[in-house]
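Novice: Model the full structure from these sequences, guided by the hints.
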Amino acid sequence: MATRILPRLSRLAQHLFLAGLFVFIAAPMLVIVVFSFDANRFPTIPWGGFSLEWHRAILEDAMVRDAFLNSILVGLGTAVLSTLLGFAAAYVDYRWRFFGKRAFVLLVAIPPAVPVTILGMAMLAFLSRLGLFGRLEAVIACHTAVASSFSMALIRLRLNDFGRDLEPAAWNLGASHAAALFTVVVPFCRPALIASFFLSAAVSFDEFMIAWFVGGVHETIPVRILNLLQGQVNPKINAIGTVVLAVSIVLVVLAQWFVGVRVGKRADPT
Amino acid sequence: MTGSSPPGAADSPRGFLTGSRSTAGSPAVFAMLLGLPVLLWQIIFFAGPLVFLVVITFWQVKSFRLSPAFVADNWEKVLTSTAFLRALGHTLTVAGTTTVLATAIALPAAYTIAFRLSPRLRDFAVAFLVVPVFSSYILRIYAWQVVLSPQGVINGIAGLIGVEPLPLLGGAFSLQIGLLTLTLPIAVLILTFGFAGVDRTLIEAAENLGCRRGRVVAHVLLPAIRPAIALAATTSFLLAFGDYVSPLFMTGSKPPTLSIVVVDTVKSGSQWPRASVVGVSMLLILVAVLALGQVLSRRTRLRRGGR
Amino acid sequence: MSAPFVALEGLDKRFPGHHAVRGIDLQIAAGEFVAIMGPSGCGKSTTLRLIAGLDEPTGGDIRIGGRSMRGIPAFQRDTPMVWQSLALFPFLTVAENVAFPLRMKKVGAAERRRRALEWLDRMGLAGMADRDIAQLSGGQRQRVAIARALVTQPSILLLDEPLSALDAHLRVRMQTELSRLHKQLGITFVYVTHAQSEAFALADRIVIMSDGAIQQVGRPQDVYREPVNAFVAEFMGMNNILRGTVRGASAGRLALETPLGSFDVPTRKTHPVDSKAAFVIAADRIALAAAGTYGGLDATVIGLEFVGSTQTVFVETASGHEFRIQKQQHEIEALDLAPGRQISLSWEPRHAWLLPDFR
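Sequences listed follow chains A, B and C, in order.
Everything in the first sequence is counted per this note's numbering, starting at 1 for the first residue and increasing by one.
Everything in the second sequence is counted per this note's numbering, starting at 1 for the first residue and increasing by one.
Everything in the third sequence is counted per this note's numbering, starting at 1 for the first residue and increasing by one.
Simulated from the structure, these hints should not be mistaken for laboratory data.
All of these numbers come straight from a predicted model, not from anything done at the bench.
All C-beta atoms, glycine included, are put in the ideal place defined by N, C-alpha and C.
Careful: at least some of the hints might be erroneous.
[Stated by the list, open to error] Calculated Cβ distances over 10 Å to all of chain B for the following chain A residues: (1) Phe35; (2) Val146; (3) Leu157; (4) Asn160; (5) Arg190.
[Claimed, not checked] Straight line, CA to CA, 30 Å or less: simulated DSSO-like cross-link-like pairs of lysine-lysine: (6) B/Lys77 x A/Lys236; (7) B/Lys62 x B/Lys77; (8) C/Lys105 x C/Lys183; (9) B/Lys267 x B/Lys254; (10) B/Lys267 x B/Lys62; (11) B/Lys62 x A/Lys236.
Specialist: Here it is as structure tokens:
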């Protein structure tokens, strides 16, 4: 019997450890949501009772409203552009071989690996020389440069499953190259394109350093939060945070829904 | 024949740019039409700025204005300043600590996800972990502030049971809490996919040969996923090293990390070249760390091949 | 043959590091069913892709209906192909797949649908129009692929190992189906396969390719009975090749000295004495008799193999030369053959076929 108790304890410990980690990851999000409904000004224990006061307050805050609008605009713009560029990059990578292809792919893939602090500073320095500084379009452009990496990855992964013969078959049946691209390649990639749209929107919606540097006076919602946090304790933050969290989570979950994230088949015992 | 077609035939549908004429393939123009916008976009909004950043490090500030020049002055000033060196040392220590902690915590967690959970729970765990990678980092740091602050949640609970307020916020502890919030989800994901990619027959073979589970983990699993460990570690380092939010809100920038130094220098206005020097130095360090990670994962492959 | 409908003229294709098709010439008549056969990598699929314009030749030309295909892109050739992988579009329904070529020709939606349904009906797929491809069986998918290729009423159909993914039973049924379609439509079929049975069952003429070159073109039975060289003989499953030296020649005959003895072989051309030559003897033309029969070749049975109603007997002579012999089941039983048994082989000299192209 003793030999069977030890592995069981070990398994229990493993599961508890994992549960602890998940609590660690989920706790901050729960804290924000819980305290956004707290009547107290300062978020602490004991809870001050249920209230929608702060949620109502953000509706009346013009700066927060503007920031939300800006974020939606930037998020949408980034989602569209990043998906377009990501698709083009993934397709070019899938379809052709040419000199310098590795560099081309790296140029799209690597931006998320550069700390946003440095990237933001560099973009500000460069774009202000080009006269593109302080505009939402500039934020969209820079967010696209970062998010297209994820778009390319998602779409390239999908193209791995694209039958080698499908495109030639389309040409063979009378489709020009452009026609085949739009009637065969794009429809095949549709789930990945939709996932890419949501994920790049989420990336943009979450990003604050580049938006802070490049956006100038045009604040997106995370920048607004950053600025609020640097001021006095503001009970509205929890309410804003709850809305932002909800939007981000919905975007990321939708993205995952469309790609169907699966852990490697080989580990699957069934 | 398609099953085992000649070497060239299989590649022909995608090799148009290498072939000269093409009725079959789309003309090179078609590839350019798709590739060029991507190339231009990434050059203007990504590569250009970074190159320009390097250029600025050699420029000068004259009467509060940035002017083109080619002087090593900024590099000399920054690299010899004790403030910079201290921040560098601090940042390296902090990022190194986070890397070790994140990898050490993520390994058992990823092992449990990959080998102990049912396929359904496993997919759920992965989906759950993906969410924080792409959302609300700044908010979650703020939440930790709420939890850890002197009047925060933990001390509130402590007060209810009569314990003195603990100084949780503002030190190495809270900083690591913040950085782990940033790094753990992605580290666990990378390692989970690493473990899931290990051929199960490898493990079963080892167990058949009489290896106990502990030995299987040490001698079969860990070597097999060393590239994933290297990737998880370098990713954690990269994120922790460049982070601005945790140092700002969990320690109040004291002592400052390099990111804090960069932002402060930029926001104070005139010292662009020096901020750029700090930024470029950070990039160089990250490149070195990434290269190290590559070497670490590659060496395993060579050794495994040799066996 | 009347004026060829498809003509390959010195058609050549080089890939980096690989000469796939070496300047081949071939003429195919309108309405003909031609099968291109050969082992993996012989260039047969590449030849088909060149006809379809999916690869660009590095030399020579292709004429279809007298018109040079040089510079004409794949999508303007109207040379539909049935793919080994079928290449059905997974995101389209059955009817949408069939209607795809019509959509590319800008045919109106209603007309597209009508013609797609008509073809589905014709292929025995009525009622499946709005299903997903994933919901169909292998044989049904095959029919969709064929319907899709034929919906534009082309004058040529290319087929690249279309049946190789099907099980044996379905393969035979689809063969019948293809044969019927070919007769009904009267259009040219060019069919690439490595399966001899398919080519023999379907084709008017077969083309044997090896290493990028055409080895032989002819009616299936002619190629089978009269292979031009050892490669074709072996590819057709005639392993009974005897090599030797010409010792004497008279009108239409020559005497060939081989390690197994001297044999009389009919010939159409003269061979100089002392030159090397080889002949084949078809597996079904070898007679078996009890060991020691006068004039026979003694050998030992080393194995038996059932192939439907016939059986293949493998024998070996004392010198180690192997023969493959095909017999009806009842003949095998009459001789009471079993591995290890001694046996005597013989054949009529007129059935020996001297390989015209022997090096």
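Novice: Check whether the Cα positions of B/Lys77 and A/Lys236 lie no farther apart than 30 Å.
Specialist: 43 Å, violated
Novice: Taking 30 Å as the top limit, are the C-alpha atoms of B/Lys267 and B/Lys62 close enough?
Specialist: 18 Å, holds
Novice: Take a quick look at A/Val146 and tell me if its Cβ sits farther than 10 Å from every Cβ on chain B, holds or violated.
Specialist: Check fails; 8 Å does not lie beyond 10 Å.
Novice: Is it correct that the beta-carbon of A/Leu157 has no partner in chain B closer than or equal to 10 Å?
Specialist: 13 Å, holds
Novice: Hey, does A/Asn160 actually stay past 10 Å from chain B on C-beta?
Specialist: Holds: least Cβ distance 13 Å, greater than 10 Å.
Novice: Checking the smallest CB distance to chain B, is A/Phe35 really beyond 10 Å?
Specialist: A/Phe35 is in fact no farther than 10 Å from some Cβ atom of chain B, at 7 Å.
Novice: Within a Cα-Cα threshold of 30 Å, do C/Lys105 and C/Lys183 meet the stated pairing?
Specialist: Satisfied, since the Cα-Cα distance of roughly 26 Å is no more than 30 Å.
Novice: Between B/Lys62 and B/Lys77, is the straight-line Cα distance small enough, at 30 Å or below?
Specialist: 16 Å, holds
Novice: Closest CB-CB distance from A/Arg190 to chain B, is it above 10 Å?
Specialist: 18 Å, holds
Novice: Taking 30 Å as the top limit, are the C-alpha atoms of B/Lys62 and A/Lys236 close enough?
Specialist: 43 Å, violated
Novice: Just to be careful, I want the Cα atoms of B/Lys267 and B/Lys254 compared with a cutoff of 30 Å; is the pair within it?
Specialist: Given that 30 Å is the threshold and the Cα spacing comes to 18 Å, the pair holds.
When each numbered hint is compared with the structure, violations occur for hints 1, 2, 6 and 11.
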